[in-house]
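> Those protein sequence lines, which keep their order, are chains A and B. Under the working numbering, read the first sequence as residues 91 to 721, first letter to last. Under the working numbering, read the second sequence as residues 167 to 505, first letter to last.
Keep in mind that the hints are not guaranteed to be accurate.
In silico PhoX-like cross-links for lysine-lysine, where the CA-CA straight-line distance does not exceed 20 Å [claimed, not checked]:
| id | chain 1 | residue 1 | chain 2 | residue 2 |
| --- | --- | --- | --- | --- |
| 1 | A | Lys655 | B | Lys332 |
| 2 | A | Lys541 | A | Lys575 |
| 3 | A | Lys657 | B | Lys330 |
| 4 | B | Lys330 | A | Lys498 |
| 5 | A | Lys361 | A | Lys434 |
| 6 | A | Lys148 | A | Lys135 |
| 7 | A | Lys391 | A | Lys657 |
| 8 | A | Lys134 | A | Lys148 |
| 9 | A | Lys657 | B | Lys332 |
| 10 | A | Lys481 | A | Lys575 |
| 11 | A | Lys541 | A | Lys568 |
| 12 | B | Lys330 | A | Lys655 |
| 13 | A | Lys387 | A | Lys657 |
| 14 | A | Lys434 | A | Lys415 |
| 15 | B | Lys330 | A | Lys415 |
Hints were generated in silico from the structure; no laboratory data involved. Since this is a predicted model, take the numbers as computed values, not measurements.
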Amino acid sequence: MRERFLTGYNDFVLPFVCGMLFVLIYCLVGLVRIIMQLPPQDRKKFFISLVTPKTMIKNIKDIFLKCLIHVDLWKRNRLLGYMHSSIAFGWFMLILVGHIEVLLYTSHLGAKALYYPIFFRYFVAETESTMKGALIFFLMDFFLLVVLSGIALAIIKRVRSRFFGMRRTTNPSFLDLIGLYSLWSIFPLRLLAESFTADISGGSFLTKSLNYVFTEFLSNHANMLPAWWAYSCALGIFFFVLPFTRYMHIPTEILLIPLRNAGIRIVNARKGFAKAQVYSCPSCGLCIDACPMGVLKGNLKDTTVYLNRQIRRNNEARIEEISDKCLLCGKCTAVCPVGVEGDKLRIAQRSMRRYNFGPDYSNISAKEEIARCNKFVNSENSNVSSAVNEKVLYFAGCMTALTPVIMKTTGSILEKAGVDYTVMDRDGGICCGRPMLMAGRFAQARQLVEKNTEIILGSGAGTLLLSCPICYKIFREKYSLPGIKIVHHTEYFERLIREGRLKVHRDGTRYVFHDPCELGRGCGIYEPPRNVISCAGELVEAAKNRKESICCGGSLGSLTLGFDKRKAMTENAVSNLTAASPDRIVTACPLCLNTFSRYSDRPVEDIAQVLDRNSSPADITGNNKRQKTIS
Amino acid sequence: MKENIVIIGGGIAGLEAAGQLAALGYKPIIIEKSDHLGGHVAEWHRLFPDMTPARDVVGGLISRASGSNIFLNTEISFVNKLKDSYNIMLSNGISIITRIILVTTGFSVFEAARKEEYGYGVYDQVMTNRDLEHWFNTGKDKRVDNCAMNAVGFVHCVGSRDEKAKNPQCSKVCCITAIKQAIEIKQRFPEAMVYCFYMDLRMFGKKYEDFYINAQRDYGIRFIRGRVSEVSENIDGRVIVKAEDTLSGKPVKVTLDLLVLMAGMVCSQESTKVANMANLPVDSDGFLKSRDNVTAIIESPKEGVFYAGACTGPKTVPETLAEARAAALEVHLYIKSLE
Numbered sequence: 091m092r093e094r095f096l097t098g099y100n101d102f103v104l105p106f107v108c109g110m111l112f113v114l115i116y117c118l119v120g121l122v123r124i125i126m127q128l129p130p131q132d133r134k135k136f137f138i139s140l141v142t143p144k145t146m147i148k149n150i151k152d153i154f155l156k157c158l159i160h161v162d163l164w165k166r167n168r169l170l171g172y173m174h175s176s177i178a179f180g181w182f183m184l185i186l187v188g189h190i191e192v193l194l195y196t197s198h199l200g201a202k203a204l205y206y207p208i209f210f211r212y213f214v215a216e217t218e219s220t221m222k223g224a225l226i227f228f229l230m231d232f233f234l235l236v237v238l239s240g241i242a243l244a245i246i247k248r249v250r251s252r253f254f255g256m257r258r259t260t261n262p263s264f265l266d267l268i269g270l271y272s273l274w275s276i277f278p279l280r281l282l283a284e285s286f287t288a289d290i291s292g293g294s295f296l297t298k299s300l301n302y303v304f305t306e307f308l309s310n311h312a313n314m315l316p317a318w319w320a321y322s323c324a325l326g327i328f329f330f331v332l333p334f335t336r337y338m339h340i341p342t343e344i345l346l347i348p349l350r351n352a353g354i355r356i357v358n359a360r361k362g363f364a365k366a367q368v369y370s371c372p373s374c375g376l377c378i379d380a381c382p383m384g385v386l387k388g389n390l391k392d393t394t395v396y397l398n399r400q401i402r403r404n405n406e407a408r409i410e411e412i413s414d415k416c417l418l419c420g421k422c423t424a425v426c427p428v429g430v431e432g433d434k435l436r437i438a439q440r441s442m443r444r445y446n447f448g449p450d451y452s453n454i455s456a457k458e459e460i461a462r463c464n465k466f467v468n469s470e471n472s473n474v475s476s477a478v479n480e481k482v483l484y485f486a487g488c489m490t491a492l493t494p495v496i497m498k499t500t501g502s503i504l505e506k507a508g509v510d511y512t513v514m515d516r517d518g519g520i521c522c523g524r525p526m527l528m529a530g531r532f533a534q535a536r537q538l539v540e541k542n543t544e545i546i547l548g549s550g551a552g553t554l555l556l557s558c559p560i561c562y563k564i565f566r567e568k569y570s571l572p573g574i575k576i577v578h579h580t581e582y583f584e585r586l587i588r589e590g591r592l593k594v595h596r597d598g599t600r601y602v603f604h605d606p607c608e609l610g611r612g613c614g615i616y617e618p619p620r621n622v623i624s625c626a627g628e629l630v631e632a633a634k635n636r637k638e639s640i641c642c643g644g645s646l647g648s649l650t651l652g653f654d655k656r657k658a659m660t661e662n663a664v665s666n667l668t669a670a671s672p673d674r675i676v677t678a679c680p681l682c683l684n685t686f687s688r689y690s691d692r693p694v695e696d697i698a699q700v701l702d703r704n705s706s707p708a709d710i711t712g713n714n715k716r717q718k719t720i721s
Numbered sequence: 167m168k169e170n171i172v173i174i175g176g177g178i179a180g181l182e183a184a185g186q187l188a189a190l191g192y193k194p195i196i197i198e199k200s201d202h203l204g205g206h207v208a209e210w211h212r213l214f215p216d217m218t219p220a221r222d223v224v225g226g227l228i229s230r231a232s233g234s235n236i237f238l239n240t241e242i243s244f245v246n247k248l249k250d251s252y253n254i255m256l257s258n259g260i261s262i263i264t265r266i267i268l269v270t271t272g273f274s275v276f277e278a279a280r281k282e283e284y285g286y287g288v289y290d291q292v293m294t295n296r297d298l299e300h301w302f303n304t305g306k307d308k309r310v311d312n313c314a315m316n317a318v319g320f321v322h323c324v325g326s327r328d329e330k331a332k333n334p335q336c337s338k339v340c341c342i343t344a345i346k347q348a349i350e351i352k353q354r355f356p357e358a359m360v361y362c363f364y365m366d367l368r369m370f371g372k373k374y375e376d377f378y379i380n381a382q383r384d385y386g387i388r389f390i391r392g393r394v395s396e397v398s399e400n401i402d403g404r405v406i407v408k409a410e411d412t413l414s415g416k417p418v419k420v421t422l423d424l425l426v427l428m429a430g431m432v433c434s435q436e437s438t439k440v441a442n443m444a445n446l447p448v449d450s451d452g453f454l455k456s457r458d459n460v461t462a463i464i465e466s467p468k469e470g471v472f473y474a475g476a477c478t479g480p481k482t483v484p485e486t487l488a489e490a491r492a493a494a495l496e497v498h499l500y501i502k503s504l505e
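Isolated chain A, as found in the complex:
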């Protein structure tokens, strides 16, 4: 290889060089700003994580798997996965091999290092057929082909997103379109430009063949420069619009992954970690299909991808509207390939609102409540062996108060199993605080949390039992109750069955289990309810279940969604559940129960009802045996 030009410079590199410098400076400033916006303790945590070997390895692995290979998308749909990884990984390899090539064949780079790896073929001539270069030539053409195949798929996806497992896709903004078209044109132009010089600088199966086939046109060196100009301009335009388009996700995600691995959480809806998330949104639109509000076309623009776009535009009115409308079911977070936490972003946004007045709970007396719930029945003369004799405090919660059948059947099961329990809020209790938390009113939520903590710690219980997943989530995440086990009734029932404290009889009823958002996606509890139901009857699955379960539509997460709008969502969720034609729908959340019963064509029950109907106390002889083995 030898250089064709003494200067090693041509004007056509300017658009690219300017664009790239612009992007680099923009990203550098952005990086510093995001890191400066982090709260001091988070910033410290971040820097420490960067030098901890464990997180370092995790960061590199995550960046490789997520940013380049897009493993999450592969799991969702292979075609979608291939499309993204071919462009990302292919382009990355082109850049990498390009640099290797430059390092191998040239010396004294200087300023040329900026553009040589990109436009190398224009500036060099092949001295003889280099066998050593053959591999690199081949690799360059191979990865160019990979990227081109990805671009072809991307063009198909614009027209027919259904092939990629997506019903709906994002509506690109004007700048997004410019970015999109310039991105699409970069690689075909590169192929063209390199084909022109293939007879001078060498090439491989793609460029060289093209040069031979269209020899009339491509061997005419007068056509060469315009092609290189066009290639450089496409790159330049792409880089200039990049910060203002969805393609900003490419550099931002590289920052987001280490931030997340450092264990940083969203504090402010617009700053720091939240900002990194917003800019990491690739506008892929997976959250549009996931959103339960999507059954009504009017709500399509209230999905997380549009929230991110509006936050970037600082469109305050729309940001508030979108944040308040959301049901906070968390499905967009569950499906997001880059890990944008749509629900947490919205809660953070809600917390920015200032209220002129707020309820004050400081005058609630915890002492009275403690006296009321410290009434364990079996404590003194229990005939249950001490190993299983634990004091269970049952907090039913306000939603359960509206579905009294849950409280009644749960109580009945606990009695059958000989559990020493007492109800914390039989006669009305204090709210767990989650509704306030969801509304972004953290100060009020904290007051409630403190009152409840005092009551629970004062009750002398060893286990806190909850039948409402909405309460369960906040008890797990925001309460500090040392020495007290916090369990949801599905987990507790599973344990009672496993320990043989309940005798469950199975019948032929077909049940489908609806994963409540707060229990499944919120707390990761998927197996215990299924195990319990399998003991009582036949369990069938819904069309979309577990992580992708569809919100019942009754969620108290939404502050503005009207009742008429929710109906369509509930009906959609019911039809999803009844795909395998079950006899009964079972859920483990009083709010889901309430919502589904309204529109379901078949009985809807709480898991406690199912278990209560199909269980009886373990027989005395069995009990004695167990006592013996324990003692």
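Following the hints, complete the assembly by docking chain B onto the known chain A.
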């Protein structure tokens, strides 16, 4: 007169229309799905505002309609539209060709168990207005026998004016029925405290307002304006009701021996079934849709199909009877126009 007239439903609307048509010289056919005539009113004890025994009212209607062909325990299997008439196939195998159908399928009582927060079917001491009438009639109900009746509550608008229960409409009769039943309870248990939890009291009918004032002045019934938020059960099985008194702006909590839910009126499944078979339109409230809600409430948009009573919306007994008479006359005029 050979003209067949099919009346679907043997409640008070069907009976009254049949009686009138019989008086006009026709011999209508009444199809009733249950084993007795008189519908919901036959299960009632006394009717507001004069405490008229329901039995007398229904008895009078049945005797006047006795000239009709009556099929009890019979349902409609299908309805075929012929060129200018209908072919109605009954579940007992009889098929009727008719040019005139009078739909008097009435209403259903809202399933109170669907408002689970009120605890019907969950707590022992919760019943509906219909259960209470049953007790008035038979004197047998373990919920009443269980307890000393020291405090009784009535919840208005259960499943009425309630979007969450899919029924935004007012059922019209529950306000006054609650007052009637509260008075009857007070007559039987003079020592009992009786509470009515209401959101609005709609005393639109003749003598209703007097009845309401009687209830307050002469019987000392307490009216609390505010919806019941939740109902729970205490250890001895009594129910605890929590509500907000929106007039004083304070939460109230009372322990009751019996809670009566004033379940409202919803369109009966039979009406919907008939509507589907005969291709009749259903209105947004679930009830059958009339040709015109002002001038032609008893006419369907279909030629030869007429309505009477609560199949087009909640109605009181006198309103239903008046509509039945009007429908009978309309049928008569329609037959005349065919000749």
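> Each hint: holds or not?
Checked hints:
no., hint, verdict
1, A/Lys655 / B/Lys332, "holds, 13 Å"
2, A/Lys541 / A/Lys575, "holds, 18 Å"
3, A/Lys657 / B/Lys330, "holds, 10 Å"
4, B/Lys330 / A/Lys498, "violated, 23 Å"
5, A/Lys361 / A/Lys434, "holds, 13 Å"
6, A/Lys148 / A/Lys135, "holds, 15 Å"
7, A/Lys391 / A/Lys657, "holds, 19 Å"
8, A/Lys134 / A/Lys148, "holds, 18 Å"
9, A/Lys657 / B/Lys332, "holds, 10 Å"
10, A/Lys481 / A/Lys575, "holds, 11 Å"
11, A/Lys541 / A/Lys568, "holds, 13 Å"
12, B/Lys330 / A/Lys655, "holds, 12 Å"
13, A/Lys387 / A/Lys657, "holds, 14 Å"
14, A/Lys434 / A/Lys415, "holds, 14 Å"
15, B/Lys330 / A/Lys415, "holds, 19 Å"
Consistency note: the structure conflicts with earlier hint 4 alone.
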